Amino acid sequence: MSQSTLFEKVWSDHVVVDETTNTPAMLYIDLHIIHEVTTPQAFTVLRERALPVRRPDLTLATMDHSTPTTPVSSFKDLAVVGESAANQIRQMEQNCDEFGIDLIGFGHQNRGIVHVIGPELGATQPGKTIVCGDSHSSTHGAFGALAFGIGTTEVGHVLATQCLLQRKPKTLAVSVDGRLPAGVSAKDIILAVIGKIGVDGGTGHVIEYRGDAIAALDMESRMTICNMSIEGGARAGMIAPDDTTFEYLAGRPRSPQGSGWDEAVRRWRALQTDTGAAFDKSVSFSADSLQPMVTFGTNPGMVVGINDPVPDGGDDPSFRKALDYMQVESGKPMTELAVDVVFVGSCTNGRLSDIEEAARVLQGRKVADGVRMLVVPGSQQVKNQAEDKGLDRIITDAGAEWREAGCSMCIGMNGDTVGQGKLSVSTSNRNFEGRQGIGARTVLASPATAAASAVRGRVTDPRAFS
Amino acid sequence: MKPVKRIRSRSVVLPTKDIDTDQIIAARFLTTTSREGLGQSAFYDLRHNKDGSENAEFALNKPEAKGCNILVAGNNFGCGSSREHAPWALLDYGFEAIISTEIADIFRNNSLKNGLIPVVVDDATHEWLLKNPGAELEIDVKRATLVLPNGDSVPFPIDGFAKYCLVEGIDQLGYLLQQSDKIVAFEEARTWTP
Chain X
1 MSQSTLFEKV WSDHVVVDET TNTPAMLYID LHIIHEVTTP QAFTVLRERA LPVRRPDLTL
61 ATMDHSTPTT PVSSFKDLAV VGESAANQIR QMEQNCDEFG IDLIGFGHQN RGIVHVIGPE
121 LGATQPGKTI VCGDSHSSTH GAFGALAFGI GTTEVGHVLA TQCLLQRKPK TLAVSVDGRL
181 PAGVSAKDII LAVIGKIGVD GGTGHVIEYR GDAIAALDME SRMTICNMSI EGGARAGMIA
241 PDDTTFEYLA GRPRSPQGSG WDEAVRRWRA LQTDTGAAFD KSVSFSADSL QPMVTFGTNP
301 GMVVGINDPV PDGGDDPSFR KALDYMQVES GKPMTELAVD VVFVGSCTNG RLSDIEEAAR
361 VLQGRKVADG VRMLVVPGSQ QVKNQAEDKG LDRIITDAGA EWREAGCSMC IGMNGDTVGQ
421 GKLSVSTSNR NFEGRQGIGA RTVLASPATA AASAVRGRVT DPRAFS
Chain H
467 MKPVKRIRSR SVVLPTKDID TDQIIAARFL TTTSREGLGQ SAFYDLRHNK DGSENAEFAL
527 NKPEAKGCNI LVAGNNFGCG SSREHAPWAL LDYGFEAIIS TEIADIFRNN SLKNGLIPVV
587 VDDATHEWLL KNPGAELEID VKRATLVLPN GDSVPFPIDG FAKYCLVEGI DQLGYLLQQS
647 DKIVAFEEAR TWTP
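Going down the list, the protein sequences come from chains X and H.
Residue numbers for the first sequence, in this note's numbering: 1 to 466.
Residue numbers for the second sequence, in this note's numbering: 467 to 660.
Hints are computed from structural coordinates only; laboratory data are not their basis.
Honestly, I wouldn't trust all of these hints.
[Stated by the list, open to error] For lysine-lysine, the following BS3-like pairs were computed, each having C-alpha atoms within a straight-line distance of at most 27 Å:
1) K332(X) x K196(X)
2) K321(X) x K532(H)
3) K170(X) x K9(X)
4) K196(X) x K321(X)
5) K332(X) x K321(X)
6) K471(H) x K532(H)
7) K532(H) x K516(H)
8) K516(H) x K422(X)
9) K648(H) x K9(X)
10) K471(H) x K629(H)
11) K321(X) x K468(H)
12) K648(H) x K168(X)
13) K629(H) x K168(X)
14) K532(H) x K168(X)
15) K170(X) x K648(H)
16) K608(H) x K170(X)
17) K168(X) x K321(X)
18) K332(X) x K422(X)
19) K597(H) x K321(X)
20) K608(H) x K629(H)
21) K532(H) x K597(H)
22) K468(H) x K597(H)
23) K422(X) x K321(X)
24) K516(H) x K528(H)
25) K528(H) x K170(X)
26) K321(X) x K516(H)
27) K422(X) x K366(X)
28) K528(H) x K629(H)
29) K629(H) x K468(H)
Since the model is a prediction, treat every value here as computed from it, not as a measurement.
Bound conformation, chain X alone (with noise of 0.2 Å):
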């Protein structure tokens, strides 16, 4: 038998036709995630053919993106958010109602962010397809699914059919080996990954994080690293599943139980890249010399050391573009410039070890004067685990804000935005033009140097707050 990568293990265990050069492949989707923004369309063509959703058991539904993040008690509150965003949440729930979806709705314990919930509940599980109307649905390859995002038209076949067609993606092998120096996080590995491999590095591809750096990661860091792939072009990212990720899944709500729990681990641990398997491509690092990493442009592969100079572009003018936007100057580092606002939460980074992370930095000691500091859980249960812990007055007490669960300030689309020519300082995934409001100039970090800008009112290296 020919060796085989994990990706192929996955794709293969789902293909209901086989590719052709005519057609491409049929796949199962095991696990479709839904939320309000990407989803009204596809259940408007349902509507119009009379189809059903083939398997509301396969669907896990929630609203995230334009939610609010201050308290709602009812609908009537959602006035914060504006009539549109208000109308979008409404028509989800109409859609989970008459189509027969349970919808995690405002005020359940369990709603969050999409990528957040799904391994929260155990529904992400290794070896799964998973696919939902959200790029960042690359998170759940953490646990050694098979996850990409996907636009509505597809939400509407997975919907109908639970099958998508796709054309078999290549595989690019990103190994990060050594260890990881004190002050630097899983943030700061993608960051350097998207910066050397760039924005498109990883189109056509599905990437497999390998190497001792990887799996000596906990499993919401490896999420984290996942969950940036689509930002290197990728539109999965996968690492292979092991004790660390079936611990974590142990006695979720959603997880195997009982004899099914080991038989599901037994089947599970087969899930690794056979030696000697080829990919594609593939690119590595070391961590040894990692440092905190943060974006100076526009895009997440315009990316430099903290205390590096921001390069110099050269004359290529959508460089020059970059930095006139985000007022920076080649050759200084990103230490100089002050901040406006901090954002610790997405999916990227809204888990508690990134709240545990910010509030380690905080901890006795203040935002700085004129920086606005907001910190959104990445769900509810998030939020009532680090307000068992504390967290939530560490942060208040420092005189950030402390949030409702959701999207928020990564997407602005709920009315939390940065602000026309604000710096923000941010844990969130994209620091395109405008990504965080009209205007907003985007810096991406880590929680930790989200934390230490906001303290010192500057981009700040955090390792001089340990």
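Use these hints to put chain H onto chain X, whose structure you have.
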């Protein structure tokens, strides 16, 4: 879906690299529940000044851009989000094809499903197109070629199935639904259940 066989138009050029989905359509326009009428939101923050007035300097606002249905963009177009609102907005704005050296995966898939043709060309052709805005171009979808004003024919890659669906106006959901027996058989034959 309406068949798309051939596109003839002058080009308009946005030379910026890595134009992302947030520039194509910003998130604040995604609170809609319809796919109609998104053209007015396409490239909104580039087409307008901070005070909301029209940015006369932006390529799409120049008089010569009127009626141009082919967009030539800098390297790597459409990176970022999975929002299908991006091709919906571009189509509603009047674009029928995007030409670049690379087009991001999810954006390309979404475009093909809506009849917006992603055309990836070699560096030399791209360079020429960037330098010659307003060029009269023809895209023959069936032959998968871009025909330049001098008559040169440049082939571009397009998935055979996607091309067949575009040219014949076939909707992929119909194709998937025809495979229902195979889906049932797959579900019944599985050794584990999700």
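Against the structure, the hints come out as follows:
1. K332(X) x K196(X): Holds, at roughly 20 Å.
2. K321(X) x K532(H): Roughly 25 Å separates the two Cα atoms, so the pair holds.
3. K170(X) x K9(X): Between K170(X) and K9(X) the Cα gap is close to 13 Å, so the pair holds against 27 Å.
4. K196(X) x K321(X): holds, 21 Å
5. K332(X) x K321(X): Status holds; Cα separation ~17 Å.
6. K471(H) x K532(H): At roughly 22 Å apart (the allowed maximum being 27 Å), K532(H) and K471(H) satisfy the hint.
7. K532(H) x K516(H): holds, 23 Å
8. K516(H) x K422(X): Distance ~14 Å between K516(H) and K422(X) Cα, so the pair holds.
9. K648(H) x K9(X): Holds: K648(H) and K9(X) sit about 20 Å apart, inside 27 Å.
10. K471(H) x K629(H): Cα-Cα ~9 Å, so holds.
11. K321(X) x K468(H): Violated: K321(X) and K468(H) sit about 38 Å apart, past 27 Å.
12. K648(H) x K168(X): holds, 19 Å
13. K629(H) x K168(X): It holds: about 17 Å lies between the C-alpha atoms, which stays within 27 Å.
14. K532(H) x K168(X): Cα-Cα ~39 Å, so violated.
15. K170(X) x K648(H): holds, 26 Å
16. K608(H) x K170(X): Roughly 26 Å separates the two Cα atoms, so the pair holds.
17. K168(X) x K321(X): Violated. K168(X) to K321(X) sits at ~36 Å, over the 27 Å cutoff.
18. K332(X) x K422(X): The hint holds at about 19 Å.
19. K597(H) x K321(X): Given that 27 Å is the threshold and the Cα spacing comes to 19 Å, the pair holds.
20. K608(H) x K629(H): holds, 7 Å
21. K532(H) x K597(H): holds, 18 Å
22. K468(H) x K597(H): Not OK: K468(H) and K597(H) at ~32 Å, beyond 27 Å, violated.
23. K422(X) x K321(X): With Cα atoms ~17 Å apart, K422(X) and K321(X) stay inside 27 Å; holds.
24. K516(H) x K528(H): holds, 18 Å
25. K528(H) x K170(X): Given pair K528(H), K170(X) is violated - Cα atoms ~41 Å apart, limit 27 Å.
26. K321(X) x K516(H): holds, 17 Å
27. K422(X) x K366(X): holds, 20 Å
28. K528(H) x K629(H): violated, 33 Å
29. K629(H) x K468(H): holds, 13 Å
The structure fails hints 11, 14, 17, 22, 25 and 28 (numbered hints given earlier, in ascending order).
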